[in-house]
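Undergrad: Chains A and B, in that order, are what the protein sequence lines are.
Per numbering that gives the first Met the number 0, the first sequence runs over residues 0 to 709.
Per numbering that gives the first Met the number 0, the second sequence runs over residues 0 to 191.
No lab work stands behind these hints: they were computed from the structure.
In this text the structure is predicted, and so the values were computed from the model without any measurement.
Don't take every hint at face value.
Distance ranges between label pairs, derived from CB positions [unchecked claim]:
(1) A:Gly19 to B:Glu8: 41 to 49 Å
(2) A:Glu42 to B:Leu6: 48 to 56 Å
(3) B:Ala19 to A:Glu463: 54 to 62 Å
Covered stretches of chain A (in silico footprint by chain B; criterion: 3 or more residues with CB under 8 Å from a CB of chain B, positions within the stretch not fixed) [as the list claims (entries may be wrong)]:
(4) 149–157
(5) 180–194
(6) 260–267
(7) 347–357
(8) 616–625
No residue lacks a Cβ here, since even glycine has one placed at the ideal position from N, Cα and C.
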Amino acid sequence: MKKDFKSSVSKAVHNATLTGALGKFSEAYKVNRQKAYEGIDFETLRETIAERKSYAAAHLDLMAQTFQINAEAAGAKVFRTNDPEEVKAYILKVARENDVKSVVKSKSMASEEIHLNDYLEKNGIEVGETDLGEWIIQLAGQKPSHMVMPAIHMTKEEVSELFSKEVNERLTSDIPRLVEVARNELRSKFLRADMGISGANIAVAETGSIVLVTNEGNARLVTTLPRVHVAIVGIEKFVEKFEDVVPVLTALPRSATAQLLTSYVSIITGPAQNTDGSMKDLHIILMDNRRTDMAADDKFKQALQCIRCGSCLNVCPVFRLVGGHVFGSVYTGGIGTILTAWFEEMQKSEDIQGLCLQCGNCKEVCPGKLDIPDMILEIRRRLVSQKGQTLVQKSIFSVVNNRKLFHSMLRTASLAGKPFTSGGFIRHLPFFLSELTEMRSLPAIAAEPFRDRFEKIAQPKQKEKIAFYAGCLIDFAYPEMGEALVKILNKAGFEVIFPQEQTCCGAPALYNGAWDVAAQNAIDNIKALTATDVSYVVSACPTCTVALKHEFLKTLDVEKKTEWVAQAQKLADKSIDFSTLVKKLVDDGRLNIAEGVELGKITYHDSCHLKRTLRVSEQPRELLQKAGFELSEMFECDMCCGMGGSYSLKLPEISAPILERKLKNIKETGAGTVAMDCPGCVLQIRGGFDKEGGKVTVKHTVELLAERLK
Amino acid sequence: MTKTADLDELYERYKTKAQAVGTEVYRFGTRYEALESLIPLLKKEGVADSAGAFAVCAAGPAIRSWEGAELSTIPGVHFEVTRELAAEALIGITEVDFALADTGTLVQDQSAVEQRLASSLPTIHIAILGTNTILPDKGALITRINPRKSRFIAFITGPSRTADIERVLTIGVHGPKRLIVLAVDESEGETL
Ligand code: SF4
Ligand code: SF4
Numbered sequence: 000m001k002k003d004f005k006s007s008v009s010k011a012v013h014n015a016t017l018t019g020a021l022g023k024f025s026e027a028y029k030v031n032r033q034k035a036y037e038g039i040d041f042e043t044l045r046e047t048i049a050e051r052k053s054y055a056a057a058h059l060d061l062m063a064q065t066f067q068i069n070a071e072a073a074g075a076k077v078f079r080t081n082d083p084e085e086v087k088a089y090i091l092k093v094a095r096e097n098d099v100k101s102v103v104k105s106k107s108m109a110s111e112e113i114h115l116n117d118y119l120e121k122n123g124i125e126v127g128e129t130d131l132g133e134w135i136i137q138l139a140g141q142k143p144s145h146m147v148m149p150a151i152h153m154t155k156e157e158v159s160e161l162f163s164k165e166v167n168e169r170l171t172s173d174i175p176r177l178v179e180v181a182r183n184e185l186r187s188k189f190l191r192a193d194m195g196i197s198g199a200n201i202a203v204a205e206t207g208s209i210v211l212v213t214n215e216g217n218a219r220l221v222t223t224l225p226r227v228h229v230a231i232v233g234i235e236k237f238v239e240k241f242e243d244v245v246p247v248l249t250a251l252p253r254s255a256t257a258q259l260l261t262s263y264v265s266i267i268t269g270p271a272q273n274t275d276g277s278m279k280d281l282h283i284i285l286m287d288n289r290r291t292d293m294a295a296d297d298k299f300k301q302a303l304q305c306i307r308c309g310s311c312l313n314v315c316p317v318f319r320l321v322g323g324h325v326f327g328s329v330y331t332g333g334i335g336t337i338l339t340a341w342f343e344e345m346q347k348s349e350d351i352q353g354l355c356l357q358c359g360n361c362k363e364v365c366p367g368k369l370d371i372p373d374m375i376l377e378i379r380r381r382l383v384s385q386k387g388q389t390l391v392q393k394s395i396f397s398v399v400n401n402r403k404l405f406h407s408m409l410r411t412a413s414l415a416g417k418p419f420t421s422g423g424f425i426r427h428l429p430f431f432l433s434e435l436t437e438m439r440s441l442p443a444i445a446a447e448p449f450r451d452r453f454e455k456i457a458q459p460k461q462k463e464k465i466a467f468y469a470g471c472l473i474d475f476a477y478p479e480m481g482e483a484l485v486k487i488l489n490k491a492g493f494e495v496i497f498p499q500e501q502t503c504c505g506a507p508a509l510y511n512g513a514w515d516v517a518a519q520n521a522i523d524n525i526k527a528l529t530a531t532d533v534s535y536v537v538s539a540c541p542t543c544t545v546a547l548k549h550e551f552l553k554t555l556d557v558e559k560k561t562e563w564v565a566q567a568q569k570l571a572d573k574s575i576d577f578s579t580l581v582k583k584l585v586d587d588g589r590l591n592i593a594e595g596v597e598l599g600k601i602t603y604h605d606s607c608h609l610k611r612t613l614r615v616s617e618q619p620r621e622l623l624q625k626a627g628f629e630l631s632e633m634f635e636c637d638m639c640c641g642m643g644g645s646y647s648l649k650l651p652e653i654s655a656p657i658l659e660r661k662l663k664n665i666k667e668t669g670a671g672t673v674a675m676d677c678p679g680c681v682l683q684i685r686g687g688f689d690k691e692g693g694k695v696t697v698k699h700t701v702e703l704l705a706e707r708l709k
Numbered sequence: 000m001t002k003t004a005d006l007d008e009l010y011e012r013y014k015t016k017a018q019a020v021g022t023e024v025y026r027f028g029t030r031y032e033a034l035e036s037l038i039p040l041l042k043k044e045g046v047a048d049s050a051g052a053f054a055v056c057a058a059g060p061a062i063r064s065w066e067g068a069e070l071s072t073i074p075g076v077h078f079e080v081t082r083e084l085a086a087e088a089l090i091g092i093t094e095v096d097f098a099l100a101d102t103g104t105l106v107q108d109q110s111a112v113e114q115r116l117a118s119s120l121p122t123i124h125i126a127i128l129g130t131n132t133i134l135p136d137k138g139a140l141i142t143r144i145n146p147r148k149s150r151f152i153a154f155i156t157g158p159s160r161t162a163d164i165e166r167v168l169t170i171g172v173h174g175p176k177r178l179i180v181l182a183v184d185e186s187e188g189e190t191l
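Next up, chain B with everything else stripped away, as it sits in the complex (with noise of 0.2 Å):
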């Protein structure tokens, strides 16, 4: 286990790099805190139930555990996550497995197609972070990942990106246009 200090030095390096490249991150103590947070966040954005404002969440322990809790209860967000929910979806929430400090990016293995679908496919993608999953690099992270177990694993560093046009950037092409990072402190890190 990453030693606190060391732990918050990571965090912040992974913040700075993540927010360069326009990522939103939040840091929490505790997942039911995470929620608070999520739950408010979710009505501002105008989740409902109708296509086009739908929430898809996919299955991760921190979700799991949030699923009998109050997120069920609003009108619109889904568990269950198809490729026509996903398609009308406002938010997609996922939960990654690592972050790297050197780049703010996000790694998830992304083989379950609900996964997939979640990040991708809505306009904002919720990405709920375990903060000792932090790694430095990606050599840190190499040898924790497998692709012979994981089918398809995705780095994410920021939102949707283009400058095709006249090289001015533009956020926001084929995939999200907003990437919002809720870091929570007690979850544990799922290792791929």
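Excised from the complex, chain A in its bound form (with noise of 0.2 Å):
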């Protein structure tokens, strides 16, 4: 990770008026979507919109020709062309066509994508961002970092500044004063402006209409003040069919802003009436700039689907703490690194990929169905396999590419890291990263990993056998839950089997780009886990149970290991989460759990794993509650702790806060104890706890339910 970069996070991060508009935003944000939303069947709603953008993406070709032809029968001229620079000398040149002075501008994304107001003003034509957001961030010369709230970051003494100085007054920062400074500043530049240039929300390939959508009114003026209208549209933007608009209308103001419907929606088809009673100049520009090239990319295609409404920033964890200007780049967070990668280059993306902490939040509320956290692994990937691995990571994947010199070491150094411990706590997560080369975060390995201890477990003799797959922190950190988790399914009457020859699950290695080690991982696995005939396979670490259930596949498939498949689809079949088996084997009458007890208040922390990728959410919960804890909800829940794997590590400026937070909701709660599901988040939370002096207890639910059973 380069330096600026580091530095420009921790800048981020350390920025209080940054970090408290966008926390308080995105608290209220997650309240209001859900009531914008009341009445209306999400699911439903996305598909639609998923299907029809895809049509669309999959015919861009035929989209971009319809849509021509209709919008020129109406009388518009389109421009089409992939070239960026082309976009700008088109404009030019219709500009000095017409003798354009000034231009007045609605908010473009695609505008700013192309740096079109420098370009402009270069050639001595007055450019004024009328989107009052955009205005202060003209005036302030900087980039939006937000692509629906593009000024958040700043406040209102900051605009009260900005507008003092343009306007020649000394203003208070008073807001609703500042917003009618900036009415009648930029009332006067709508009508003297000779042109006025807009984006489009939507393009109507069936009626050649573009569609825009507002809240302050701007764009209407922008679009009926000026002689000449020019429209940069793109090609993400085309529906097919004049109906298709309603489920985009229906879901964008309400992901963007919480909103049913913005103020203004305006759709138009060809050139209206100027106020002197001639006809618009209307030209429409639909830009490519790869994103042909981007629909024809099995992975990346779906990026097509997006509706820029800027949700999976609202509940992006990390970009609540270090907003959009750490991206260093037009578009922002998750998904703005997905566009950087493609529009810009791969190459420019190689940080900020790395600030993506895989929680999965943005999937859970994107309309358009992308699957942002999957895309960003796909840039990990292809990184990796143009650039190589660095020559740090490359030896520690060849040693966890080793299970047993792997395992060697990570014996080892549980002996070395002993002067390190303090309170049996892994300050660091050590595993297989470049960081293993640091033994010091080495600390807290068991001093005897439950591969050995297993061997010492006396079982009784059971007919049903079941395999347990630990992962590297059970097994390495952790023995006790594996323990807790053998005392539980003796008792519904199976024999736990360990198979000595399983491995790391492989999630560190994909997760780092480096998928052929996560390839050879999941082949290692599936061969000790497919050995012996058992009911199920089960695992307390959602995240291995996620490699087992879903990315052995994935991984297998994009490695061209197809050999594999077959064994590996019969090992997902078998594979279940810790809570959901055991909710299962307490339904089924196979194990009882000791009621009439008062345990006290406790809180639960769900696993980004656990509640998105294997919707488990309500297993744990219930299963608690039976036990005997009276369940007290924190802020949040299902907040991703900052732990990530190797995240904490990486960028400790970012997991560090995110931690914080997630400890003051489950202190907020007044409960003693707070359990989780994954050995993971426990590292994390724990560590957290103890750093502080804390008194709340971190458990597993498998130590809490080993407990409590009859």
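Assemble the dimeric complex from its two separately framed chains, guided by the hints.
TA: So this is what it looks like as structure tokens:
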């Protein structure tokens, strides 16, 4: 990671205005969004949008041709190009032909993508942004930090400073007054502008219409008052049919600003009348800028389903800490990382792709059904396969790929690390990342790993067998969780087997883009776990369960190891996470939890992979309540704890405040215990409380339940 | 034609949603009754024959029926809408084609530039709505509007707003600060 990137991250995190504004906004957003979607079946709606948009993306050429025919029939001039330079040259030509001296713009990300303002100004044309946020940014000489709220990082005091300079008058920071000043200032610009430039939120092929969505009313003035109107349309804006605007208009305002509809929507089809009775000179520029390439890429074509609502930013635990500027480009956040990688270059996303925690929040709310974390992983994979892994990574992964060596190193680490142990906590997650070389971060490796302890557990004779997949953390750091699990499953009538050949699930390699390593891990585990006939393969680590159920298959497919797919599928079908299995066993009457005791208040932390990939959240809660705990839900219970595998090591400046927030939310419930289903989260949250000296007990559900069995 | 009970129900739904976003909504039985309320409203707001105080009325069936009446005798009320007049108008009056009950939205074919000027430049926009043109939602609307015939279709949902400074909701940026809807039962719904 580059040094200046690191420093921009820590600057952002320490910018209290920014993190305060974004934090407050994201908290309110969640509630407001839910309200805005009341009575609407979001899943069906986004299914429709994804289907309609992906249809358009798969037929971009046809969409563009149809649009052009229809828009031209209505009297518009349509110009289509792949090249941003040609877009700018075209606009300048139109401006020159019409003797344009000043331009007013309504918000257009496409125009920012090609840095149009600079270009026009260098050519002697005055350009005024008219969206209030964009105008503020323009006056400040900055880039927007959010695609819907460009100036969210600024205070009213800063805005009043800017406006005071602009209007030559000492203004207070009274917001309504500042807005009034903007209204008056910009009104005169509207009235004297010769050209209006807009973007488009939707372009309808069937009718040649463009649809503009705003709250302030600036787009109406931009498209009405000047004689010439130029609309820059990124070709991902296409829908095929006029009726397709309905789902997009239903989702866009609700997702963007939690409104049922914005104040204004304008549907423009061909030139309308100018204020002097002449017809408007309407130019529509269909801008490709690599969108066609994107549409041809199996993995990234879904990005064209994006309707630019910005909700993925609003729910992102990282974005709300760092804001948009650290992304260094026009498009920000997770989706911005993807767009930057394509519209600029893959290499430019090298640092920013590392910001993603893979928590999956964005994927949950995206009205275009984009799998943002998956596309970010793909960027990682491509970067690694282009440039190769770093030397450190290479040596580490070569260790991980050799199970025996890897495990013996971990054992050694447990001894070497002794002097650094404090209260039995691992300060850092050590495993197999660059930091493996820093042995000092390996202190709390258990003295005896689960794989050795397992041999000593005396199990009652049982007919039915179940395989336990421990994963590295339980195996080498938290063997007691494994023992608790064996105890519970014995009670349910299983004999637990622990195939010693099992190894790392491959997630660390995968999340670092080293897919070949992950594929080898997958194969080793498939061999180990399918050797004996068992009823289930159970794991108490959600990341491992995701690997068993989904990632092995995916990795083998990408790495073209198809000969393993059938067995991987068999393994996937048998794999189950701990809480889901236990809930099932309790429901089937195979397991009895001692009832009738009061164990006091508990709160539950949802781990990202369990909640959003495996869709498990009720099972552990029900089990804990059955065991006698009184559940007291924390605020943002399913927000990431900041662990994200090696993330807490690579970007501690982000991971730490995310954790702090989590600890605060836990404490505010007043519960003495916080439960979770992921050993990684236990590591992060227990470590946090340890450092703080807090009194909250942090436990894996498996440990709490093992004590409560009849 | 929509049945009265349905119409009342749609009107109430529209009104609730429209009011939720700051629209002022009133209902009248006849155009004449609407006019009787409109005139004192214009006077109260201070419409006068001076820059900044004009009222501009963009042509529509109701407005045309009022043209010869008392409305035209108020100083500062104009029935031709120019760019200059609209820019100096306190009030703009237009007649909309539809309303959507689920979002509190007005829909109007604004291909004629007077309609855009009168509804976007003045400080107050007064919209005349035929109660019987209220539709449940966008789905019901989409087959009734045709972009091939209407070059500029406007959806208006409440007054102009922003939250670009510190996320504080502020009304009236570039468009009207107030949106007043006069829903008239009698008016025939004009389709686009
Ligand atoms: S997966 Fe999480 S961290 Fe990554 S972009 Fe989405 S919300 Fe942000
Ligand atoms: S990726 Fe999804 S959530 Fe993010 S801006 Fe696009 S449509 Fe909205």
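Undergrad: Taking the hints in turn, state whether each one holds.
TA: Here is what the structure says about each hint:
no.	hint	result
1	A:Gly19 to B:Glu8: 41 to 49 Å	holds, 44 Å
2	A:Glu42 to B:Leu6: 48 to 56 Å	violated, 33 Å
3	B:Ala19 to A:Glu463: 54 to 62 Å	holds, 59 Å
4	149–157	holds (count 6)
5	180–194	holds (count 6)
6	260–267	holds (count 8)
7	347–357	violated (count 0)
8	616–625	violated (count 0)
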